[in-house]
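Fit chain B to the given chain A structure using the hints.
Note that the protein sequences, when read in sequence, are chains A and B. Just so we're aligned, residue 203 is where the first sequence starts under the working numbering, counting upward by one. Just so we're aligned, residue 303 is where the second sequence starts under the working numbering, counting upward by one.
Hints are supplied without guarantee of correctness; some may be wrong.
[Claimed, not checked] Calculated lysine-lysine pairs in the DSS-like style (CA-CA distance at most 27 Å, straight line):
#1 K442(A) - K481(A)
#2 K481(A) - K753(A)
#3 K466(B) - K325(A)
#4 K531(A) - K466(B)
#5 K333(A) - K524(B)
#6 K466(B) - K586(A)
#7 K325(A) - K447(B)
#8 K409(A) - K325(A)
#9 K325(A) - K523(B)
#10 K608(A) - K447(B)
#11 K570(A) - K489(B)
#12 K325(A) - K489(B)
#13 K441(B) - K325(A)
#14 K232(A) - K409(A)
#15 K750(A) - K333(A)
#16 K232(A) - K424(A)
#17 K406(A) - K442(A)
#18 K645(A) - K442(A)
#19 K570(A) - K466(B)
#20 K521(B) - K325(A)
[To be verified] Here are a few chain A residues that sit away from chain B, every Cβ distance over 10 Å (derived from the structure):
#21 I205
#22 L270
#23 E286
#24 A357
#25 H480
#26 D483
#27 D604
#28 G618
#29 I681
#30 V745
#31 Q752
[To be verified] Not everything, but these chain A residues come out facing chain B in the computed CB check (under 7 Å):
#32 G313
#33 L543
#34 A592
#35 D603
Read the hints as simulated data drawn from the structure, not as lab findings. Quick caveat, the model's predicted, so the values are computed rather than measured. Built from N, CA and C at the ideal position, the CB exists for glycine as well.
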Amino acid sequence: MPIISIEHLKYKYPGTDRLVLDDISLSIEKGEFIGIIGKNGAGKSTLSQAIIGLVPQFYNGAYGGSVLVDGLRAESVPVGEMCEHVGLVFQNPFNQLSGARDTVYGEVAFGLQNLGVEREEMKNRIERVLKQLDIWQYRDRNPFDLSGGQMQRVAIAGILVMQPDVMILDEPTSQLDPQGTEEVFRVVDALTKTGITIIMIEQKLEKMADYCDRLVLMHEGKVVDFDTPERIFSREDLEKLGVQPPAFTRICRSLGWKQPDGTYPATLSATLRVFDEHKSDINWKEKLKSYQRSGHQQPDAQGSGTTPIANDAFQNLFRVRDLRFSYSKEAEIFDGLNLGLDDRATAIIGQNGAGKTTLVRLLKGLLKPVSGEIYFREQDISGKTVAMLASDIGYVFQNPDDQIFKYHVLDEVMFGPLNIGMDLSRARENAEKALELMGLRGKEEENPYDLEMSERKMVAIASVLAMDTDVIILDEPNIAQDYEGKKRIGTMIHELSKNGKLVIAILHDMDFVAEYFERVIVMAHGSILADGNADEVFCQDEVLEEAKLQKPYITQLYERLMIQ
Amino acid sequence: MKSISLYVDRGSWLNRLHPYTKLLYILTAIGIPLIGGKLWLFPFLIGCSLCLLISAKTLRQTLPLIGFSFTVIIVIFLIQGLFNHQNQQLLFSVGFLRFYKEGILYATRIGCNILNMLLSFAVFILTTSPQELVDELEKSGFSPKFGYIINSVFQILPQMMATKDTIMDAQRSRGLETEGNLMVRMKAFLPLISPVVMSALTNTRERSIALEVRGFGRKQKKTWLSDRPKHKEDRVIRVILIVLILATVVWRILSCR
Chain A
203 MPIISIEHLK
213 YKYPGTDRLV
223 LDDISLSIEK
233 GEFIGIIGKN
243 GAGKSTLSQA
253 IIGLVPQFYN
263 GAYGGSVLVD
273 GLRAESVPVG
283 EMCEHVGLVF
293 QNPFNQLSGA
303 RDTVYGEVAF
313 GLQNLGVERE
323 EMKNRIERVL
333 KQLDIWQYRD
343 RNPFDLSGGQ
353 MQRVAIAGIL
363 VMQPDVMILD
373 EPTSQLDPQG
383 TEEVFRVVDA
393 LTKTGITIIM
403 IEQKLEKMAD
413 YCDRLVLMHE
423 GKVVDFDTPE
433 RIFSREDLEK
443 LGVQPPAFTR
453 ICRSLGWKQP
463 DGTYPATLSA
473 TLRVFDEHKS
483 DINWKEKLKS
493 YQRSGHQQPD
503 AQGSGTTPIA
513 NDAFQNLFRV
523 RDLRFSYSKE
533 AEIFDGLNLG
543 LDDRATAIIG
553 QNGAGKTTLV
563 RLLKGLLKPV
573 SGEIYFREQD
583 ISGKTVAMLA
593 SDIGYVFQNP
603 DDQIFKYHVL
613 DEVMFGPLNI
623 GMDLSRAREN
633 AEKALELMGL
643 RGKEEENPYD
653 LEMSERKMVA
663 IASVLAMDTD
673 VIILDEPNIA
683 QDYEGKKRIG
693 TMIHELSKNG
703 KLVIAILHDM
713 DFVAEYFERV
723 IVMAHGSILA
733 DGNADEVFCQ
743 DEVLEEAKLQ
753 KPYITQLYER
763 LMIQ
Chain B
303 MKSISLYVDR
313 GSWLNRLHPY
323 TKLLYILTAI
333 GIPLIGGKLW
343 LFPFLIGCSL
353 CLLISAKTLR
363 QTLPLIGFSF
373 TVIIVIFLIQ
383 GLFNHQNQQL
393 LFSVGFLRFY
403 KEGILYATRI
413 GCNILNMLLS
423 FAVFILTTSP
433 QELVDELEKS
443 GFSPKFGYII
453 NSVFQILPQM
463 MATKDTIMDA
473 QRSRGLETEG
483 NLMVRMKAFL
493 PLISPVVMSA
503 LTNTRERSIA
513 LEVRGFGRKQ
523 KKTWLSDRPK
533 HKEDRVIRVI
543 LIVLILATVV
553 WRILSCR
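Chain A extracted, bound-state conformation:
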């Protein structure tokens, strides 16, 4: 008997006309690892919340069909009861902490206390789970003091300890840095071996291909397909549905390398297996190279493959000289940093705490150096206020909700331009252009708070673009974006760069960096470890190791093939 069986599930949020879930039928067996993929707005999160009963119990709205978990009707069994059978972990680790416990240990106990679990049992379970998730050493720390990855593991522990039969993970890594992501995936890895049924929503499809027994492909509230990762990723219409197959599948497709069952491989190991059969094809190196050139790098990016890295070949917009900075006396972030930035689109990569955000904040004038100078167009910026620099340097913050405050998208986007003294008609014109570029045309009159997170992020980007600054700094623009969103941001970067603007972005998505940036700066512990174009940077193994960074999947594959 399936552990979850969904029949003809339909659902509309209150006050809307659109069916977010449109006649969904699924059945999931005990112990399966199921992935749900699809573009933003496809209904993935809503489906996961319907399994635990939050839809419709928490949100209300129009509901039809049935969801049975362990034989219980999710529609009517109170969520407080259902949580013994189904656990839910979502994106933002911070909001999942109860906020009522001041130690990790107490936080994890919170759910068990509510379930009325006996004390000895409670202690045993907590110890087991904390050790399983490798956070036992933090048990006496305040959960709010932990890093994102650690916090998310505490959130997972808090659910796992309640011993649900089904665990739902809704993009648990989307707000984490690569190391935090890795930590969480390691935990998920361990979970797969415990026999618990897992349902995971995730945009990192390379990982999904690794873990999942089967994938649910969703589009506009419908289940389009429910099959093995290879079969799903080999679908010809996948990109039309807003999903980009994993790097390995894309490469194999372009090379025409199929598995015996006619599907393309989706993981590195499967690709290597297929490679063994095609080794005899002497042209594979050429084909791979030409694939790399065509898709991997933008054809008309200013010849990034051949750009010399010597800085003096370019006109420097920013010149940083002997920069020193620290937040407190004990920990110095920068100890004599030197850097020039020209108009090449530049990605800054590195782990959290490497000093990336501090650096761009100094460039923007939000922080002042302890000593050393920062020149913008050969002028020292130390005497200028942030507002004075606003018309030259734009900065999009990580979280769009830190800036949105108007009731209409258009007003929000026009706020910056008007602040820096643009007249109304030009501000409007710029705002419309920016909205067009970010794919928000037709949403001018909507309330930003009614938009999805990914769209709000686009609003935030547009609101800075409309200021028409010469420099645009983006802090993790890709968070919460699906394939189409990323592509749109990539195009935007490309477009700005073509118009002679300097784009500086802090990023964690290495494949995206390799694809869209002409210059890559690797940072760790407040210093620059490497600086050059993507090809030059991603072949430096020691540097990447020191900065704890992964290579883009395509580079990984290429190197493995070369070795073989």
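Just chain B, lined up with the frame of chain A:
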């Protein structure tokens, strides 16, 4: 994390005491001078609280509180000493300011009252973890929802204060002037406060889901990670405090005859 709670764990015997015992102390410290009605009872109890604060190694945290209360007390002395409607007997004069005995006496009583309350509350607040207090309240039957509100204020409010700085930077980056004359500041108010409120609201919704999926809404008897170790001191001190209150009542009744 910066905490807004004043509690500090110094491992003292007051930290180990049950929160209710310390609450009873507040009741005693405020009640005795009120029931007894004698002015000399105040310095006695203020002295008691000070001794307790010293033994709990928290006197330093109390000093700013005392400093602040003194500014209030001085104002009371000035106003009452000069203008109390019962003022008759001149006590002393400074230049043209004439202070009267009745007013000064009245002000002394109020001042002592303030100081006494403040210090007895300080004994409680500085040595009691809010978490422990709420746990004990819940164990004796208070609603967990009420407890959650108190607890989360201590945990979540500091987080909200931290996002405020980021929001300020984000708006300044878009050319918003946040410093200058009153008009400039007033114009900056909305762009700064709306994101704080809105993100607090969205966070609240997410958090209430998170609580729900951890069984917070269940009507079930909760279990606890630990019982408080029972200290002999608790019982002894409670008995002494109750005896003191009763003795004061009896003494007052006898002295009225």
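Going down the list of hints, with the structure as the test:
With a CA separation close to 32 Å, the supplied pair K442(A) and K481(A) exceeds the 27 Å bound. Between K481(A) and K753(A) the CA atoms are separated by roughly 24 Å; this keeps the pair inside 27 Å, and the hint holds. For the proposed pair K466(B) and K325(A), the alpha carbon gap of about 38 Å is over 27 Å, so the pair is violated. Taken as a hint, the K531(A) and K466(B) pair is honoured in the structure, with Cα atoms around 24 Å apart against an allowance of 27 Å.
Note on K333(A) and K524(B): the hinted pairing holds, with a Cα-Cα distance of about 25 Å set against a maximum of 27 Å. For the given pair, K466(B) sits about 23 Å from K586(A) by alpha-carbon distance, which is consistent with the 27 Å threshold. A hinted pair counts as satisfied when its Cα atoms are at most 27 Å apart, and K325(A) with K447(B) qualifies at roughly 24 Å. About 33 Å separates the Cα atoms of K409(A) and K325(A), which puts this hinted pair outside 27 Å; it is violated.
Pair hint K325(A) plus K523(B) holds up; C-alpha atoms about 18 Å apart against a cutoff of 27 Å. The suggested pairing of K608(A) with K447(B) is violated, with an alpha-carbon distance near 34 Å, which exceeds 27 Å. Of the pairs offered as hints, the one joining K570(A) and K489(B) holds, with about 26 Å between alpha carbons and a cut-off of 27 Å not exceeded. At most 27 Å may separate the alpha-carbon atoms for a hinted pair to count; K325(A) and K489(B) exceed this at roughly 54 Å.
At roughly 19 Å between alpha-carbon atoms, K441(B) and K325(A) fall within 27 Å of each other, so this suggested pair holds. Among the hinted pairs, K232(A) with K409(A) is consistent with the structure: their alpha-carbon atoms are about 21 Å apart, no more than 27 Å. With a CA separation close to 24 Å, the supplied pair K750(A) and K333(A) stays within the 27 Å bound. Restraint check: the Cα-Cα separation between K232(A) and K424(A) comes to about 23 Å, which is no more than 27 Å; the hinted pair holds.
Between the alpha carbons of K406(A) and K442(A) the distance comes to roughly 18 Å, so the proposed pair stays at or under 27 Å and holds. At most 27 Å may separate the alpha-carbon atoms for a hinted pair to count; K645(A) and K442(A) meet this at roughly 22 Å. Restraint check for K570(A) and K466(B): the C-alpha separation of about 19 Å stays at or below 27 Å, so the hint holds. Pair hint K521(B) plus K325(A) holds up; C-alpha atoms about 22 Å apart against a cutoff of 27 Å.
For I205(A), the requirement that its beta carbon stay farther than 10 Å from each beta carbon of chain B is met, with the minimum near 18 Å. Non-interface status of L270(A) relative to chain B is upheld: no Cβ of that chain comes within 10 Å, the nearest being about 18 Å off. At roughly 7 Å, the least C-beta separation between E286(A) and chain B is not larger than 10 Å, which violates its mark as non-interface. At roughly 8 Å, the least C-beta separation between A357(A) and chain B is not larger than 10 Å, which violates its mark as non-interface.
Annotated as non-interface, H480(A) keeps its C-beta farther than 10 Å from every C-beta of chain B; the closest such distance is 48 Å. Non-interface call for D483(A) relative to chain B: holds, since the shortest CB-CB distance, roughly 52 Å, exceeds 10 Å. The Cβ of D604(A) sits about 5 Å from the closest Cβ of chain B, inside the 10 Å cut-off, so the non-interface label is violated. At roughly 4 Å, the least C-beta separation between G618(A) and chain B is not larger than 10 Å, which violates its mark as non-interface.
Every C-beta of chain B lies more than 10 Å from that of I681(A), the closest at about 15 Å, which supports listing it as non-interface. The non-interface label for V745(A) is consistent with chain B: the shortest C-beta to C-beta separation is roughly 31 Å, beyond 10 Å. Listed as a non-interface residue, Q752(A) keeps its Cβ farther than 10 Å from every Cβ of chain B; the least gap is roughly 28 Å. Because the smallest distance between the Cβ of G313(A) and any Cβ of chain B comes to about 4 Å, under 7 Å, the interface hint for this residue holds.
Given hint, L543(A) at the interface with chain B, is violated; its Cβ is 18 Å from that chain's nearest Cβ, farther than 7 Å. Given hint, A592(A) at the interface with chain B, holds; its Cβ is 4 Å from that chain's nearest Cβ, closer than 7 Å. The closest approach between the C-beta of D603(A) and any C-beta of chain B is roughly 4 Å, which is under the 7 Å cut-off, so the hint is satisfied.
Violated hints, listed in ascending order, are 1, 3, 8, 10, 12, 23, 24, 27, 28 and 33; each of the other numbered hints is respected by the structure.
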